[in-house]
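Participant: Below are the chains, spelled out letter by letter.
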Amino acid sequence: MGNILAFCEFTDGVLRSSALSNIAFAREAATHHGGEVIIILVGAGAAAAGAAASKFAPKVITVEDPGLANYLAETYAPIVAREAKANNATVVTATATAVGKDLLPRVAALLDAGMASDIAKTTGKDTFIRPILAGNAYSTVQISTPIICVTPRQSEFEPAAELGSAGTVTASAAGAIDALGASFERLDAQKSDRPDLGDAKVVVSGGRGMKTGENFKVLEELADLLGAAMGASRAATDAGMVPADWQVGQTGKIVAPNLYFAVAISGAIQHLAGMKGSKTIVAINKNKDEPIFQVADYGLVADWEKAIPELITEIKKLKASR
Amino acid sequence: MKILVPVKRVPDPTQKAKIKDGHIDLAGASWIVNTFDEYAVETALRLCENGAENARIAGSEIIVVSLGPDDAAKEIRTCLAMGADRAIHVVTTDEEIDSLVVVKVLQGIIASEKPDLVVMGKQAVDGDANQVGQMLAGRLGWPQATFAASIEVAVDKKSLFVGREVDGGVEYKSVPVPSVITVDLRIVGPKAVKNNVTPETHVYSGEGARLPSLKGIMAAKKKPMVTAKVADYGAEPKAMIKELSVTLPPPRAAGEIVPDVVTLVKKLADVAKVL
Ligand SMILES: Cc1cc2nc3c(=O)[nH]c(=O)nc-3n(C[C@H](O)[C@H](O)[C@H](O)COP(=O)(O)OP(=O)(O)OC[C@H]3O[C@@H](n4cnc5c(N)ncnc54)[C@H](O)[C@@H]3O)c2cc1C
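Residue numbers (this note's numbering), protein chains in the order written: chain A, 1 to 322; chain B, 1001 to 1275.
Read the hints as simulated data drawn from the structure, not as lab findings.
Predicted model, so just to flag it, every value in this text is computed and none were measured.
Treat each hint with caution, since some may be false.
Stated by the list, open to error - The calculated lysine-lysine pairs, modelled on DSBU-like cross-linking and capped at a C-alpha distance of 30 angstroms, are: (1) A:K121 <-> B:K1242; (2) B:K1018 <-> A:K125; (3) A:K211 <-> B:K1194.
Let the hints inform the model, and build the full structure from the sequences given.
Facilitator: Okay, structure coming up:
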């Protein structure tokens, strides 16, 4: 019997929606391992977020210290590894976000744990299904180390719901903190009022065919009309048309919204890897032979310059008629 | 600076995946250097060059390491042809290794080579695991800067200022040497790597990593490549992570081409019910 230690990210006193997918996986793992889910919150504001987190698990551990104000793998990993051992965890999990992907392999190294990254499913105590080859195949892996580290993919696990009763919250001292000489300098944040790409119900993505950043404005208008997040292909982000963290794909964000618009995107396998899981895919492209049309539920062969303003007008009409 | 660059060969991602006996059929696959590792070699070269054609900062060295079967020597030579100085080929098979074994072998090599920096790709585009760099840093007790999109070497060469692609923006992190850097796609942008020696005005030609020149290919044939075994580094050639089976996802049901925007909106509202 072993417990599941779930490292969860939070902001402003509440768990991030990405963390709820992690808890969903952790609950599944707990049924296989016979133990309970223990949430661990580390960093500035951890103590304040404890109460909100306790609605999701029987036990919450918070570790807060001025030395942990900014996330650093160097300082966070030893704490997570230590708490995993102290709490008899046989599985340690974190959502496959930028932080989760940076942190968990380092935790695995400290625990001599085998790791399954970016999993889509779990089928037993030590078996996991994960996409490989840019999502063109699914591999079932078995990990036979005493402790296993896992990063579930947010888009594959429905957010966990609150439990009937709140769990306990325990503060744990940080102990000696050693950043090994590394330091957080600053975050150049992309401010946006739009939903996070990771949990948006609708995503509007543009590609190289948009030609300039200025041209993305019309896509943003469409996105705002739909309450959508903005995305992009690598060609558009590399060209500096839009911020790098808009990139959808194998090596960018993996999204699975209800509705995905791919505008002036050809549909390279690396892009498809990030959005194939979307429920409904719309492709708007001037070239009818592009691979994006092979995954699209609805394809429109057209220039975006003409199609997008029309689309905005038609959607406004539809909304007005309701 | 002495830089160690671990590289892996991967099946060409443009080939269609086929299954044989429950695993990816690699017979007849053509192989390439994992794109991110190629970018890591390019990064190491930019860190070590001084801006003059083929010239290097004195005392710099780039060592490529790869674990793989005999014929992975070909992809290792490609890295030497790009400009790396020498290579270590740990001859092994996929069955013998997983990320934990790879990390232990790299740790052994680092103990004897004592590089100032490890620069590697953030993930291999076949397994897409994104683990080895972080694990290696953890085991070594070295700092890490993952998903690097820019690197600037400090004037005293004792630390690096790294721009990391994270959710919601770019994080800047400073790490001392020695440390482990894993590179993201944009590290090969024209101004992404600054070593404080190459003039700011220097222009890197083309997009992405450099292609080996004919001269580079000839030179690579004479560059030293030593072979070794997993056990040479005190690691047990036994994978704790095993692939049980691989399946191909069902293809998406065929969609339809709509004639105009009005039809599109109608379908989205009435059929797909997503508007
Ligand atoms: C290791 C690696 C990782 C990668 N990871 C990613 C990733 O995560 N995400 C990603 O997206 N890519 C990734 N790529 C890049 C990928 O291979 C493609 O190069 C990229 O997706 C192409 O972007 P695009 O479709 O915007 O550009 P293009 O392929 O150039 O397509 C532009 C499209 O615009 C259309 N178009 C042009 N003008 C108009 C118009 N006026 N109206 C309508 N349509 C128009 C064209 O018909 C064309 O289909 C990766 C590549 C590598 C090697």
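Participant: Each of the hints needs a verdict: does it hold here or not?
Facilitator: Hints, one by one, checked against the model:
Under the criterion of a C-alpha separation no larger than 30 angstroms, the hint pairing K121 (chain A) with K1242 (chain B) is consistent with the structure, at around 16 angstroms. Taking the CA atoms of K1018 (chain B) and K125 (chain A), the gap is near 28 angstroms; set against the 30 angstroms cutoff, the hint holds. This hinted pair checks out: K211 (chain A) and K1194 (chain B) have alpha carbons roughly 28 angstroms apart, not beyond 30 angstroms.
Comparing the model with each numbered hint stated earlier shows that all of them hold.
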